[in-house]
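Throw the hints in and build the complete structure from the sequences for me.
Taking this note's numbering, the leading residue of the sequence shown gets 10, the next gets one more, and so forth.
These aren't lab readings, by the way, just hints derived from the structure by calculation. Take these hints with a grain of salt, some might be off.
[To be verified] Quick list of simulated restraints, FRET-style, between CB atoms:
# : residue 1 : residue 2 : range
1 : A166      : K303      : 42 to 50 angstroms
2 : N45       : A165      : 39 to 47 angstroms
3 : A275      : K163      : 25 to 33 angstroms
4 : E250      : K81       : 38 to 46 angstroms
5 : Q172      : K54       : 47 to 55 angstroms
6 : K303      : E171      : 12 to 20 angstroms
7 : Q143      : K247      : 25 to 33 angstroms
8 : K197      : Q307      : 44 to 52 angstroms
[Said to hold, decoys possible] Derived BS3-like pairs (lysine-lysine); straight-line CA-CA distance at most 27 angstroms:
#  : residue 1 : residue 2
9  : K177      : K86
10 : K302      : K178
11 : K289      : K177
12 : K148      : K196
13 : K162      : K289
14 : K42       : K86
15 : K255      : K210
16 : K303      : K210
17 : K222      : K237
Positions of the beta carbon are idealized from the N, C-alpha and C atoms, including for glycine.
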Amino acid sequence: MKNIYVAVLTVVVFMFSGCAQIEPSVTMHNAAKAGNVAVVESLLKQGHNVDEYYYGTSLTWAAEAGQMEMVKFLLKKGANIDARAQQGWTPLGNALFMNQTATSNYLLEHNASVENTLIGFAAWKSYCQSIGNQQCVIKIAPLEKYLNDLKLKKQAALDAVEQAAVQKKIQQEVDKFLADNDYNGLKKYTDANPNAVYYIKDEVMRLALTGPKGLKVGDIREYLQNGKSELILISMIKQQEVPYKKFTLPEIDILLKMGLSENVIAALIDETTELLRNEKIRQQQEFYMAEQKKVAAQPQTVIYQNTQTEQPQQNQVVDKVTNEVIKQGVGILLDQLFR
10 MKNIYVAVLT VVVFMFSGCA QIEPSVTMHN AAKAGNVAVV ESLLKQGHNV DEYYYGTSLT
70 WAAEAGQMEM VKFLLKKGAN IDARAQQGWT PLGNALFMNQ TATSNYLLEH NASVENTLIG
130 FAAWKSYCQS IGNQQCVIKI APLEKYLNDL KLKKQAALDA VEQAAVQKKI QQEVDKFLAD
190 NDYNGLKKYT DANPNAVYYI KDEVMRLALT GPKGLKVGDI REYLQNGKSE LILISMIKQQ
250 EVPYKKFTLP EIDILLKMGL SENVIAALID ETTELLRNEK IRQQQEFYMA EQKKVAAQPQ
310 TVIYQNTQTE QPQQNQVVDK VTNEVIKQGV GILLDQLFR
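As structure tokens, this is what we get:
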């Protein structure tokens, strides 16, 4: 009798000392698996932890059974969406393994960790191998592929958003330099960000600033005008590790008007062609070429062209004079950029 009294007293003291813990409830997990929200809610009110563990959490059990309303309820109550059980099971992993498509999609929509579930699958697969359950291993393989593919798509989407933000910033910077007529600032900016040239609407300015720092198209023109050997410049072009661009025929005509020789232009084309054999560089250039087309489609003001008349000139003499005016305007522009 004395022993019973001591035992009861010990329990009472233990409870009132604040050290007592409610043991995990099999009932709670079974109720979660059965989708019985009322029972789980009652147990939570009694003090049970929404993430208490019994071969996984209640959310894991509910997800495995495809109990969508229970999954929603537990998440609202703060259940850990990425809780991982001993053999690697996660709510998302269990839903996928049991072909609970709607539940797994819901968990993914609510940011269940793909990486965490892949880690769980790896542990789960290892456990299955250790007990000789080959069917389990075979079933996990396509689920891992699905999650890896999903992971790649998510990363691609994030990269696209980040890249769009970067391109928007570049366009804003370029537009600001042009609005301020700050050609020196624009040149320095394209020195640091060579791909910024694709966001310049004026094609003469864009071509002049194309290329690596110190050997842009405009620099090459200046070197030629100052008597630098064409042969040496071609050798320098061939040493570059950054492509110039895929020049169109109209752009080649502009390069000729700038004063570049056919040999120099050919060297620019050859070096670009050689570098574009690299798949990554080629894809990057194709992306920026597409961006350039978008920019070119926007209204623009050509700062070196006399636009007083928009009527086509039929007289050859007038055409020649007009072309000479434009050519002189191009020269003035380039002299402003490279002096």
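Going through the hints against the structure:
no.	hint	verdict
1	A166 to K303: 42 to 50 angstroms	violated, 20 angstroms
2	N45 to A165: 39 to 47 angstroms	holds, 41 angstroms
3	A275 to K163: 25 to 33 angstroms	violated, 45 angstroms
4	E250 to K81: 38 to 46 angstroms	violated, 55 angstroms
5	Q172 to K54: 47 to 55 angstroms	holds, 49 angstroms
6	K303 to E171: 12 to 20 angstroms	holds, 19 angstroms
7	Q143 to K247: 25 to 33 angstroms	violated, 58 angstroms
8	K197 to Q307: 44 to 52 angstroms	violated, 24 angstroms
9	K177 to K86	violated, 41 angstroms
10	K302 to K178	holds, 18 angstroms
11	K289 to K177	holds, 22 angstroms
12	K148 to K196	violated, 58 angstroms
13	K162 to K289	holds, 19 angstroms
14	K42 to K86	holds, 16 angstroms
15	K255 to K210	holds, 17 angstroms
16	K303 to K210	holds, 10 angstroms
17	K222 to K237	holds, 17 angstroms
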